[in-house]
Amino acid sequence: MAFEPRIVGFLCNWCTYTGADLAGTARVKYSPNIRSIRVMCSGRVDPMFVIKALYEGADGVLIGGCHPGDCHYQEGNYKALRRYLMLKRILPEYGIDAGRVRLEWVSASEGERFGHVVDEFTEEIRKLGPLKIKESLVESMKTDVAHHGEEHQAPTGEAR
Amino acid sequence: MKLKIGIYWGAACGGCDVAILDTHEKLLEIADMADIYLWPIAMDFKYSDVRAMKDGYLDAVLFSGGVRNSENEEIAKLLRRKAKAMIALGACAQLGGVPGLANMYTREEVLRRVYLESESTTNEKGIMPLESSKEDGFDLELPRLYNTVKTLNQVVDVDYTIPGCPPASLQIYSALGLIADDMLPKKGSVIGAGDRALCDECARKKGEKTITRIYRTHEKLPDAETCFLEQGFICLGPATRSGCGSRCIKSWTPCRGCYGPLDDVSDQGIKMVSALASVMEPKEEKDINALLDTVVDPLRTFHRFSLASSILRRKKA
Numbered sequence: 006m007a008f009e010p011r012i013v014g015f016l017c018n019w020c021t022y023t024g025a026d027l028a029g030t031a032r033v034k035y036s037p038n039i040r041s042i043r044v045m046c047s048g049r050v051d052p053m054f055v056i057k058a059l060y061e062g063a064d065g066v067l068i069g070g071c072h073p074g075d076c077h078y079q080e081g082n083y084k085a086l087r088r089y090l091m092l093k094r095i096l097p098e099y100g101i102d103a104g105r106v107r108l109e110w111v112s113a114s115e116g117e118r119f120g121h122v123v124d125e126f127t128e129e130i131r132k133l134g135p136l137k138i139k140e141s142l143v144e145s146m147k148t149d150v151a152h153h154g155e156e157h158q159a160p161t162g163e164a165r
Numbered sequence: 295m296k297l298k299i300g301i302y303w304g305a306a307c308g309g310c311d312v313a314i315l316d317t318h319e320k321l322l323e324i325a326d327m328a329d330i331y332l333w334p335i336a337m338d339f340k341y342s343d344v345r346a347m348k349d350g351y352l353d354a355v356l357f358s359g360g361v362r363n364s365e366n367e368e369i370a371k372l373l374r375r376k377a378k379a380m381i382a383l384g385a386c387a388q389l390g391g392v393p394g395l396a397n398m399y400t401r402e403e404v405l406r407r408v409y410l411e412s413e414s415t416t417n418e419k420g421i422m423p424l425e426s427s428k429e430d431g432f433d434l435e436l437p438r439l440y441n442t443v444k445t446l447n448q449v450v451d452v453d454y455t456i457p458g459c460p461p462a463s464l465q466i467y468s469a470l471g472l473i474a475d476d477m478l479p480k481k482g483s484v485i486g487a488g489d490r491a492l493c494d495e496c497a498r499k500k501g502e503k504t505i506t507r508i509y510r511t512h513e514k515l516p517d518a519e520t521c522f523l524e525q526g527f528i529c530l531g532p533a534t535r536s537g538c539g540s541r542c543i544k545s546w547t548p549c550r551g552c553y554g555p556l557d558d559v560s561d562q563g564i565k566m567v568s569a570l571a572s573v574m575e576p577k578e579e580k581d582i583n584a585l586l587d588t589v590v591d592p593l594r595t596f597h598r599f600s601l602a603s604s605i606l607r608r609k610k611a
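First to last, the protein sequences are chains A and B.
Using the numbering used here, you'd call the opening residue of the first sequence number 6 and step up by one each time.
Using the numbering used here, you'd call the opening residue of the second sequence number 295 and step up by one each time.
Take the hints with a grain of salt, since some may be wrong.
To be verified - Derived coverage of chain A by chain B (criterion: at least 3 residues anywhere in the stretch with Cβ under 8 Å from a Cβ of chain B; other residues may be distant):
1. 12-25
2. 43-57
3. 74-86
4. 98-110
By construction, these hints were calculated from the structure, which means they are not laboratory data.
Don't be surprised by glycine CBs; every beta carbon is placed ideally from N, CA and C.
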């Protein structure tokens, strides 16, 4: 079966999630690969959420927030941007392409653009292929076994 | 009745054992409190003595060090069977510790670096360690070095954890007191440490944080009073459990995170990404990137002790 990217989206309540809603009511057609999770603010997206999503089987993570200057909580999207840029420097060290995580500003009125972003990101992830972190972790430990039996040495000595 | 305890080290430096000795005269009280049935670094016992014990014979085993070879794993499983309470002692057993940073490489890369490439190695014949060899007609075997360093609880069921690199000696002493008095909290708890972030017990003055550049400790002398982060030094205090007595902070050194994450945090290093990024000043992508250029080696800095316990655990092949 052809590879279908699994994408987790963390979308802020005030802009991107509302934009995604608009895409729905406006019948915008876009890739069904995204699983949207509504958060109150892109600044609520702990980088642990992103890492956890990748570990649990997501091939890509999209974070959506309000345009700079538009954050409902003044500063949240700037925090998201800084976390995102730092995370992008760490992911390649883990052997993960930084392109698997993406931050986009999508306002509540940009339903069309939301669909466009999801389409574009889905195609990028499709090119990168499946991530399969858990499988790779299991593979990395395949040879981590004793090369002799566990009870190699016969029990000796008097019982206490 | 006197406690029966065992003390063991896996992939560790021995610092945790020294921390036990560093209880100084209280060591005599420990000796009154407990009989030691195994302590390879300090006393002569054989694995065969341990194998001969009934299961659950020992009241507690203090296991320091991570699991990175087949001997570590074999003995961890053996001691798990023999112990009523398995206690992970120190950062390596809890989080993988500094040896856990080997998870940034493969087993082959580690062996090549150590036996062939390191500046201090002379190995003209390129001799590499063998798991099995014959010498004078004897079959000799070495444990297998693992590709992935594991924490103790990734290999066996761990009842309690005493964090730290090394754990503060008095915390070890008080934890042993908990066992002796049968006052242990619920299984899985961290004992001998606080349940808040280090910042909470840090005496330095804290104000609004707006970091504009990061300094490494050799680049600038910190002042005596202000929070290290505010001065631009990376201090893992916000992402690290308290309980160490702020040893490093009091010595004018920012926290490196050895007491590990707080309860309910599964990845200390990534949590630090979150904390540090939120107290930085710039808002434009270009300025943020310029600032991030001054953060040298973020992955290893934030996961100095916790890479093997981080969500992703190792570099992907």
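Going through the earlier hints one by one, which of them does the structure break, listed in rising order?
1
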